[in-house]
Amino acid sequence: MADTTYATNPTDPTSLSPSPQPSAVRSLLRLWPFVRPVRARLFTAAFVAVVASCVSLVIPLVLKWLVDGPIATGDPGGVWLGGGYLLLLGLAEALLFGFRRWLVARPLSGVEAAMRAALYRRLQRLPVAFHDRWPSGQLLSRGTTDLQMLRMFLTFPLTFLLVNGVTILVGGVLLVAQRWSLGLVLLSPLLPLLVLCSVFEAKYGRAARVVQDQIGDLTTVVEESVLGIRIIKGFGRHRSQARAFKELTRRLRASELRKARLLAWIWGLNTTLPECALGAALVLGAVQVADGALSAGTLVAFLSTALALRWPVESIGFLLAMSNEAATATDRYFEVMDEPEVSDAPVAGGPEVGRAPGEPRADAADGGRPAGSAEPVAGRGPESGGRPRSAPGGLVFSGVQFRYPDAPPDAPPTLQDVTLHIRPGETMALVGATGSGKTTLTALVPRLYDPTAGRITLDDRDLATIGRDEVRSLVAVAFEEPTLFSATAAENVLMGAADAQEADLRRALRVAQADGFVDALPQGGATPVGEQGLSLSGGQRQRLALARAVVGRPRFLILDDPLSALDVHTEALVEAALRQVLATTTALVVAHRPSTVLLADRVALLSGGRITAVGTHHELLRDHAEYAALMSGEEEAAR
Amino acid sequence: MTTTTTGRPSDAPEPGPGATRQPSADTERSAGQRPEVDDAFERDRLPAPRNAARALLASLLAPHRRRVGLVAVLLLLQQAAVQAGPLLVAYALDRAVPALRAGDHGPLVAVAVAAGLCAAASGGLQWGFIRVSALVSQDVLLDLRGRIFRHGQALGLDFHERYTSGRLISRATTDVESLRELLDEGIQELITIALSSVYITVTLLFLDPGFGVAALVSAAPLALEVRSYRRRSHRVYSAKSTAMAGVIVQFTETLNGIRPVQAFRRERPNDEAFARLNHRHERVNGDAFLEMARYVVLSRLAANVAVAAIVLWGAYRVATGGLALGVLAAAVLYLRRLYDPIDRLGMFLNAYESAAASLQKIAGLLAQRPTVPEPSAPAGLPAVASGSPGREVAFRGVSFAYRTGGEVLPRFDLPLAAGSTTAVVGATGAGKSTLAKLLARFYDPTEGRVLLDGVDLRELSAAELRRAVVMVTQEAFLFSGTVADNIALGRPDATRAEIESAAKAIGAHDFIAALPDGYDTDVRKRGGRISAGQRQLVGFARALLADPAVLILDEATSSLDIPGERAVQRAMDTVLRGRTAVVIAHRLSTVEIADRVLVMADGRIVEDGPPDRLIKDRGRFAALHQAWRDSVG
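As you go down the protein sequences, you meet chains F and X in turn.
Using this note's numbering, the letters of the first sequence map in sequence onto residues 1 to 639.
Using this note's numbering, the letters of the second sequence map in sequence onto residues 1 to 633.
I should point out that these hints are in silico values taken from the structure, not numbers from a laboratory.
Each statement offered as a hint is correct.
Stretch by stretch, here's where chain X covers chain F in the computed footprint (C-beta under 8 Å, at least three residues):
1) 79-89
2) 132-144
3) 211-223
4) 244-250
5) 556-565
6) 624-631
The model shown is predicted, which means the values in this text are computed figures rather than measured ones.
Note that beta-carbon positions come from the ideal geometry of N, C-alpha and C, so glycine has one too.
Modelling step: build the complete structure from the supplied sequences, incorporating the hints.
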């Protein structure tokens, strides 16, 4: 592929938005709901860390006391006592350090896991339009590297910012108390350091964000290179693909180096400025000692306290850098989490408000039960359900308009004013030229998208007022592309029904003419298929997907070109079996050829986003030039 | 989705090479054979030689030897500058103060200058150290990412069909990330630890050989603990890498199948499946922390007990007059500092083991050899005979069996004349696709040779082969980028005019022109809007642009509507005329333009001849043809 491909590809849908970057602290505070359940342990651990650090500070003092005191004076009892203290403190220190880690080990992995589960949960429930917009690599990198970064932040920088902060505070107080003039000199770099750091930290945060987004892009390219491996190999494009990848990794490297440059400045400043202050304090102290205003011992004590503070001060720079990275990771995470989830509850109000509340509702509740719980197939659909004669029932599109949310505003809607009535039990074929919107229209029925105007009713119930979950229990779909999941063949089929039995499975497999090959699999229906299992042929996958669609005896069936990958012989067998299912189901079947059209009672022709003709296959073949062209391919005029 | 990487019984079958689009009967034959190989894939534990991780790391660092040296020197100097502080204090008190009292400001100025220099040096060296070490670490990562990616691309389809995309993604992202952590923080840790340990041990030995030896002896339990920690954490991190890959596999599968996931209300079952995988990762993640906690406790205990014991021993020696008090005082302070870096050593080991586990997995991936290797000395194809772009194809004594043993194609000979169009028909699983994949060299035959104008495909370089042979399959995957980019995949140096004329020839121009940005429409943003049929047309345009001598169409028209199919046929009649074509199609309309039809059953060619003759012969093809006639209505 041309190298420009990725260059023109925007990094991330959200990175383009000009929204101002929220402050790091505000970003990190958003983690609170996830941290809250483990707050007790986290706070305890932080407290333990402070105590352990204090113990660590005390041990050298005890050593000093031991050497200056009992050992120097030759007091054996004192030596034993001192040795005992030393041992005890040593034990306490070791156990406290271990205790801190033990305290947070499981809870913080738990926080990471909870955040990941929440992300996964949310991603599954975000509308398809969202997934159209976001490359999966970007989503995946949020669920992996970003969350690992957050866990690391919670384990290390968060605690040590506190510990070091406390240490610096206490040390600062001690210093000023010991000798205020020297203390102030020592503390003088704090303010400039704070200013300089905050400048660099802001830059660093932005650089970190670029890096994280680029990692997401990289993930996308890796994923595509695996999913499209057959095409890459078929055209011998692995070299150019590798070049594109290299280009991306080079850009990532450049961003990482920019980040490192900023970090180098942060570290360098954090090292140099305190050292300068230390030197100044030394010179000033020496002068004071020379003047006799200060004893040499006091100066040494003062400077050793200052030296002890060196590490906490130096480390603050990179702790803050890590916190900044964690903050951008948090932003990235919540960009997805803040996307409004489609609510599963029926829309309150809606176009149905004006309707008489009594009859149709009750009727719908009766007739619209999820498949399987009633016997809609045997009962020949809604008519037997005591429906009022006046109600049309079935699947009705009225004035449906649809425009993709990210379509340019001047482009015509994909679907306009689609009006179509599929009677209960009827099978309607949907025919149209490539790109006329057939698949889009079918995607509206299970509410993968919602129409931008007009309405769709299922057995007189407005789709917008039925929860997505319920709609999807009423409608089964066989997609154009038969996706199998990593599960057994039987499980893949049974996904189509909530409570199907073995008998339902057999029936569905028979309808799709899949029983033969499924039984011949190494472990029959229990053979794992999908990406982590046996790879099946296109025709086999299509038949399993068809079986999945019919297994739950759905009330409404949407089949998108369901027989395209089958050979003629199998196609004929499937058609025969499918006819029986379709006889009692309200169905919409996208068809590309006459054999599939003949499954249907009537045909609707979709052209330019509108239904331009409805009739039987033979009527349309006779009267409609565009249809005839589509079905025979002989006439060019219509195109 | 209930099946997970480890959740499957270990004797579950894995598809052999070429299992895609293969008949059930064949997969049955391959079942249960060579379980150890399958198991390696299943458990995400591909074989790699011992120490593969270390060897990989060494090979990654080797080109940067000088920079690594520079990093060490910078760090050394930086530590020296930092350690100069106490010396300055001593000098200031011993020399500068008396001199000052005597009215001499010189030494104090010297102190001030030295302090300033030290401050600048320690900051500057730190700055330099971070920049150089970032350069090293980023170059290593660039190299490693490239190696993983290129190797993944070089590996055969049989590998990809078993390894899963999620695992490959995991190798190239999270596993590389763990090496990054090691390189970013590990090198510094290791060098400072080594420096200070050596420095202090030498000082101790110099102060008092007894203490020095005692310190060295006390290092023994520490060394033991370090060893056991490394062993345990290696196990944990290996499990963690596998668990992460499992999570990623589930993630990608869900994201790529979001439409069926939502339409079939898989959200809740998926949540449960994900919860299991996520929980497994959570456990090993926690285990890794706990191993670290255990290390910290045990090593600190050992160190602190050692300090206490040595101090008591020293006190005894002072009491008995065997040791000067000053020496003990100094030794005690140094001892404490000797054990200071234990935690940092733990952090380093932690990062190292995490990286080693990841590198081990990466090494396992890199150790996989492509089953379809490129020739070391590629041969060239003879010049095409003028007038006809097609090349002659010959299968000579070819047979194909899975690596696991199931035979798909028994030995056969098949010549295909240059410029002829051959249709291959037969039931699903008759071996049609395998035949096509052998010709496209997606696999190599188990026996025999596939010749293109007399040259074995195995002797052709990938570039030469792909210029000559192009295969268009049923699934037309679109890559990120514009529609034009996707067509240009067939020939990257094609001009826009050439791209458009290819699209026009195949009847794809109209729909492409109708897209929001025409040929510049980003397919990823509206990828979901380009239907399967449209994608197949793009795939065809791609093949047309590639302009191959041999074109293989494997059910490549399945999702096209009839006008689309006709356009393809016309293109084959005009643009592709004279090329050698092998067409696998269910719909026999394609067969009508064929010069020759092969009917396959159970891996054998059972009928062979021009379509008219086969129809007259009233064999299998005649029956298929009749069925198709009926279906067209």
